[in-house]
Every structure is written in structure tokens, then in C-alpha cells.
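J.: Model the placement of chain W on the given structure of chain C, informed by the hints.
These protein sequences, in sequence, are chains C and W. First residue of the first sequence? That's 1 in the working numbering, and the numbers climb one at a time after it. First residue of the second sequence? That's 386 in the working numbering, and the numbers climb one at a time after it.
Please note: incorrect hints may appear among the correct ones.
[To be verified] Cut-off 27 Å, straight-line C-alpha distance, at most; resulting in silico cross-link-like pairs (BS3-like, lysine-lysine):
#	chain 1	residue 1	chain 2	residue 2
1	C	207	W	569
2	W	569	C	85
3	C	306	W	519
4	C	375	C	68
5	C	261	W	519
6	C	248	C	207
7	C	326	C	293
8	C	382	C	120
9	C	260	W	519
10	C	284	C	260
11	C	331	C	68
12	C	326	C	306
13	C	64	C	294
14	C	375	C	284
15	W	519	C	305
16	C	382	C	305
17	C	347	C	375
18	C	248	C	284
[Unchecked claim] Heads up, incomplete: computed chain C residues facing chain W, CB under 7 Å, no partners named:
#	residue
19	44
20	88
21	233
If you are wondering where the hints come from, they were derived from the structure by calculation, not from laboratory data. Note that CB positions come from ideal geometry on N, CA and C, so glycine has one too.
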Amino acid sequence: MKGRMIVATLLAAALVLSLSLGGCSSEKKALTVGGIFSITGPASYLGEPERNTLQMLVDEINAKGGIKGTPVRAVIYDDEANVTKARLHAEKLITNDQALAVIGPSLTHTSMTVLEVTQKAHTPLISCAAGVGITAPAKERQWVFKTAQTDAMAVSRILQYLQKQGLTKAAILTVSTGFGISGKEQLEAQAPKYGLQIVANEVFGEKDTDMTPQLTKIRGTDAQVVICWGTGPAPALVAKNMKQLGLKIPLVQSHGAASKKFIELAGDAADGIIMPAGKLVIYKQLPDSDPQKKVCQAYDEMYQKKFNAPASSFGGYAYDAMQMLKMAIEKVGPDKAKIRDALENTKNYVGVSGIFNMSPEDHNGLTPDAFVMVKIEGGQFKLLD
Amino acid sequence: MQGEDRKPKNRKQIKGLEHLAPLLQYLISGLTNGAIYALIALGFGIIYNSTTIINFAQGEMVMLGAMCAISLFHFYPSLPLAFLGGVAAVTLAGLLFERLALRPVRDQSPIVLIIITVGGAVFFEGLAMMIWGKEAYSLPPFTGNAPLRLFSATLLPQNLWVIGLGALLVLLLEAFFRFTLVGKAMRACSYNRQAARLVGIPVSRMVQLSFGLAAALGAAGGILVAPLTLGVYDMGAMLGLKGFSAAILGGLGSIVGGVLGGLIIGVAEALASGLISSGYRDAVAFLILLVVLFLRPQGLMGGRR
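Bound conformation, chain C alone:
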């Protein structure tokens, strides 16, 4: 038994060696694009569509003969939403896999650690996470870009909307993860600008299952609206708990809840909830004049065909990252520094998440217009404004 194991191991090692040597000796060396996503673990709802999208795009590029005739190889790792694993994978991608550029990670805190590695290795990184600190200040983040709309934009979009509705007192309820903390900071910082007073400031854990104590406290204040900042199942429970408490003031969720899964989990408590969302979720309701409509439709149809599930805005981050990377490589060839410069000069790229205009000061390139405000009615997203 033991002998057989050793033989098997040797065989496997030989196979791996011959494969990697074979790769080296082939005429055209494939361009390697690295991917680090939270495919399993608590953030799998982000990582899974991102992985699927990246793989789908790379397959499509190769089916069309690669980038300028050179095939592309996607090496994708799963960080399980774990900072240490994300860092190890980043190092592996750069030293072992010789990645030209890295797409991901899915989360703000994993992105913050991975960018340290890629910055040092002078490798472009296109993060799929929301945190504003990933690319700002851009001068110190030479090699880092991101495609997800920042939470600051979602906050401005919400506050603009509330101001238009004439609401002046809000209660905020945020999750205690990086996403929630960043959202909370942005809400607190921007609220005065829009004449909004924060009358209650509550927090919940990512895995909490009962938010009635926090909402009871909010019920005791004169808040006119509740703003909830979270991802995963918890925001759906907030919606359910509000209904349970008979709290009838409107509930605003963050873009982190803008998915079909949220509606499914919240059930009839989802009705009437307002949130900012990327245009993908309501692209069918956009006027034909909107340049993003076509891009969203193409992505959604491609994803549906391949994975038999609707595309999500999260996968869209990876879509935009790969498309911009492809454009950059097409323009300047497989050279890390030149790719970085080309990414920084991306102008008017119409993507799933918005229209990107990068500059040396802005490595995200989006404006609050990348979001639309939507309302859930009868289990469907409806475009508000």
C-alpha cells in the first residue's frame, strides 16, 4: 500500500514536471493572468461569479485566437476570504506562475494585503472590492486599480436620493466587517453635506441572526429612514426584523444587497426596500440610449448561456477588469510597466459597472452615476432614478 502511494506520487510529480516543461518549450508562451477570489467561504457569493466570469472571458479570448495571436492562461486561486491565504496566493502568482497582472481579490481587506505584494513586485492589480482605500491615494497605489464602484459613491447616491425626498433624520445599521466599517465612515462623513442627521448608529455581526435589539433602539428614536450596510444573509434578516417590529419607516440597503438572492431570502419583507445598484440588475429597464445597456445585456446573456444562472454585478467587476486588461495588452504587449500605464490611461471604457475614465489621480475611474437607485416591488427591482 505504502509502496503504491510512493509510485503514485512520483508519477504525479513526473507528470507535473513534463507538463510545465512542455509549457515552456511550446512556441508561443501563453500570457498568464492571475486571479484571486473568495470562491468558497463567507464571501463565496462574490468570488464564485467572479471566477466564472474570468474563466469565461479567457476561454472566449482563446477561442478567438488569443490576444494578438497569443493564448491567455488564467491561473485562479481561492483565498476563502482569508487574508493570509490571499497573500500567499499573490506571492505564488508572481513568483511561480509569472502572472502579467492579477485580478481580484473580492474583498477590501484581502485586497489591502495583496496590493502590498503586487506593488513591491511591480505587477498591475485590478481589485474587485469596494473599499475606497484600495486605490486612494492613487499616487501611493501606482500599480493598483479597481473596477468595483467605491462605497463612497454608493453613499453619495443614497444621500442625494434621501435629500430629494426631504428626509433629514436617519438611523444607520452597519455590519462589523471591512465593508460595513467603510460604509459607516462614509455615511458619517458625507451625511452633513446632504443635510442628514444620524440619530442612531448601530452595528451587527456578519453572522448575527437577530437584529431586533438594535432595531428596537432605532424604533425609540425619531429616525425617518434606516440605512443598512451589509452583505450576505444579514441584511435580509434586518428587513425581516423590521417587519417583525412593525417599523414602517423606509429601509435603504447598500449595493451589497443588490442581488436576486437578497429578495429570495427577505421574502415579502423585501418589498419597498430602496438601494443603489449597478445598472446590470435593471438593464432591461434602461433606455436604449444608455451606452451600458448593450454591455450589460451581452454579459448577462453570455453568463446565462454558460452557467444557467443570471449574471451578478459582482461578476461584472471581474468582467470589466479582464476587458480593460485585454485592451491594455492589445495596445502595448506583454510588459507589466506598459500595461500599468495603459490601464491608467483607460478612457471611456463602457463596462458593466459603469463608464471608466482612469487618470493618474483616479485608479477607479467611476462616478456616482455608475449607480442607479432601485426599489424592490413584487420581488423585482424597479428603476427609481
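T.: Structure of chain W alone, referenced to chain C:
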């Protein structure tokens, strides 16, 4: 907006009770969670009585109960059937776990068995992740979703279901131990195994039964709470630890103690997150656990049963 004109009226109505209003709400929330912790704590107690080990897979039975019921409900949308089917499936899982993982090594020291149950917990969680994936699922409430008013607080019919059915299960359990022959035999085993064997009680069958009973209680708890909290593959670990804290607080093996422990921890959690800060929610249960272990390791109702 709609809420604006309604709000001030509401606030005037409850003015006299303004300070009490949130307390009652916290109490409802605490009692609901506490009832679930109590059911889990009883599972710990039953198994402890028959084997003197702690079954750390108890929390996973709660998760399996919720997930099985959700799946059954998808196949055939009848809540009573999903409830009974879920409990039956998990009872079977509990029985099999004892038969396949613990009985073959029953002569080992308790610590070995306890470590096996920890392994069992990891196994069940992994299995659930493979079957159901990492997503959360919802189960509709047993009866309606319209909130009821109770003085200044509101509650869902599901809160009443959890507390009421939980209480009924505890009463049934007490009656089972007190009045049925099998129940008495199980109690005999817990008092003195040797003597029980001498009078002809099949001790190993009683041990197996206790695993089935504990699994059934956990599963019932999971199904009761699923409409409120959703079901996810990894919900079991935290619930198991809370139930364990409740069992220790009440005194391992005591029914009254387990119920009391569960309710105290549930209410303490709700009060802590409502009055102090929601960040302390999980800390409270474990703080209580530590304090009890330091000051009164036998628990509130501990000592001799």
C-alpha cells in the same frame, strides 16, 4: 413618505411606557433565542447523563434539522411534514453517528469520545456544505408573517411557535423520563450504569436512544428557528456553543437547569446588545460560561439531580 405621518402618533401612544417598551422587546427576542439554546442544552444533558461525554456535534443537529426541513419543504410544501420529516431524518443521523463513530470505541476514555464528537461536528458541517452549498436558505413561517402587538412590543407568530413548541417539548421530555418505562430505564443508567446493567437494562441501547433523542431535540430547535434566522451550513457551531454554555450554566444533565440556562443566556444576550452594544452579543454567553466555571462549576441546578 408614508412612515412620517404615522410615526409621531405611535410615539405619543407609548409615551408612558417609553422606558419599558424596549425592555419588553429585548425580552421577547431573548426568550425566543433562549428557547432554542434550551433545546440544545437539553440535548447536551441527555447525552451527558447516559455517557458522561459532551457531544460537540449537537449544534450540527440543529443545522441539519433546519436544512433537511428546508429541502423537504421544497419537494413537498407542507410545513408539518417538513417538520416531522426533518426531525426523523436528523434522529436517524444521530443514531447512525452513535452506532458508527462512537460505539466501536466505547471502551476508550471519555476524552477520546469527546474528540470524536468534535470530529463529527466538522464532518457534518462539511457534509452540509457539499449537499447544500454555502448559501443561506429560508423557510416560510409556520403561520403568517403579520406582527402581533403585545403592550408596547411586537412579535411574530413564529416567536410564539418557538417559545410554545419549545416549552411543549420540554414538558414531553420530562414526562417521558418520569412516567415511561424506557425513560425510567434511561435515568437508571445515568444514576448508576453498573447497577442498571445488573437489573437487566440494555445500557448500550439506552445510550443509542439518548443520541437519537438529543438529535431530535436539536433538529426541532433548528426547524423552529429557521423561519426567523434562515438556514446556512455553518449555523451549527455557534448555536452549539451557546447551547453548551446554557447547559453548563444550568448544570449538565438537569432538565430544569438546561431550560433555565438557555433562557438566561438568551435574555442576557438580547439585553447586552440592546442596552450596552451589539458588539457584546456573543461575548455575553461565553462570559457567563467562564464565570460559572470559575464560581460554580456544577451549574445552577447542579450537584445531585
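J.: Evaluate each hint against the coordinates.
T.: Checked hints:
At most 27 Å may separate the alpha-carbon atoms for a hinted pair to count; residue 207 of chain C and residue 569 of chain W exceed this at roughly 40 Å. Annotation: proposed proximity of residue 569 of chain W to residue 85 of chain C is violated, straight-line Cα distance about 53 Å (limit 27 Å). At roughly 21 Å between alpha-carbon atoms, residue 306 of chain C and residue 519 of chain W fall within 27 Å of each other, so this suggested pair holds. Proximity of residue 375 of chain C to residue 68 of chain C is assessed by CA-CA distance (about 44 Å); at most 27 Å being required, the pair is judged violated.
Distance restraint check for residue 261 of chain C and residue 519 of chain W: the Cα-Cα separation of roughly 12 Å lies within the 27 Å cut-off, and the hinted pair is therefore satisfied. For a cut-off of 27 Å, the pair hint linking residue 248 of chain C to residue 207 of chain C stands: about 25 Å separates their Cα positions. Between residue 326 of chain C and residue 293 of chain C the alpha-carbon distance is near 21 Å, which keeps this suggested pair within the 27 Å criterion. Of the supplied pair hints, the one linking residue 382 of chain C and residue 120 of chain C is violated, its CA atoms being roughly 45 Å apart against a limit of 27 Å.
As the CA atoms of residue 260 of chain C and residue 519 of chain W are separated by approximately 16 Å, the hinted pair is consistent with the 27 Å bound. The hinted pair formed by residue 284 of chain C and residue 260 of chain C meets the criterion: a straight-line CA distance of about 15 Å does not exceed 27 Å. At roughly 10 Å between alpha-carbon atoms, residue 331 of chain C and residue 68 of chain C fall within 27 Å of each other, so this suggested pair holds. A distance of roughly 21 Å separates the Cα atoms of residue 326 of chain C and residue 306 of chain C; the hinted pair therefore holds under the 27 Å criterion.
Restraint check: the Cα-Cα separation between residue 64 of chain C and residue 294 of chain C comes to about 21 Å, which is no more than 27 Å; the hinted pair holds. Pair hint residue 375 of chain C plus residue 284 of chain C holds up; C-alpha atoms about 15 Å apart against a cutoff of 27 Å. With a C-alpha separation of about 23 Å, the suggested pairing of residue 519 of chain W with residue 305 of chain C holds against the 27 Å cut-off. For the proposed pair residue 382 of chain C and residue 305 of chain C, the alpha carbon gap of about 24 Å is at most 27 Å, so the pair holds.
Taking the CA atoms of residue 347 of chain C and residue 375 of chain C, the gap is near 31 Å; set against the 27 Å cutoff, the hint is violated. Restraint check: the Cα-Cα separation between residue 248 of chain C and residue 284 of chain C comes to about 30 Å, which exceeds 27 Å; the hinted pair is violated. The closest approach between the C-beta of residue 44 of chain C and any C-beta of chain W is roughly 5 Å, which is under the 7 Å cut-off, so the hint is satisfied. The interface hint given for residue 88 of chain C is violated, since its Cβ lies 22 Å from the closest Cβ of chain W, which is over the 7 Å cut-off.
A hinted interface residue such as residue 233 of chain C counts as satisfied when its beta carbon comes closer than 7 Å to some beta carbon of chain W; here the least separation is about 4 Å, so the hint holds.
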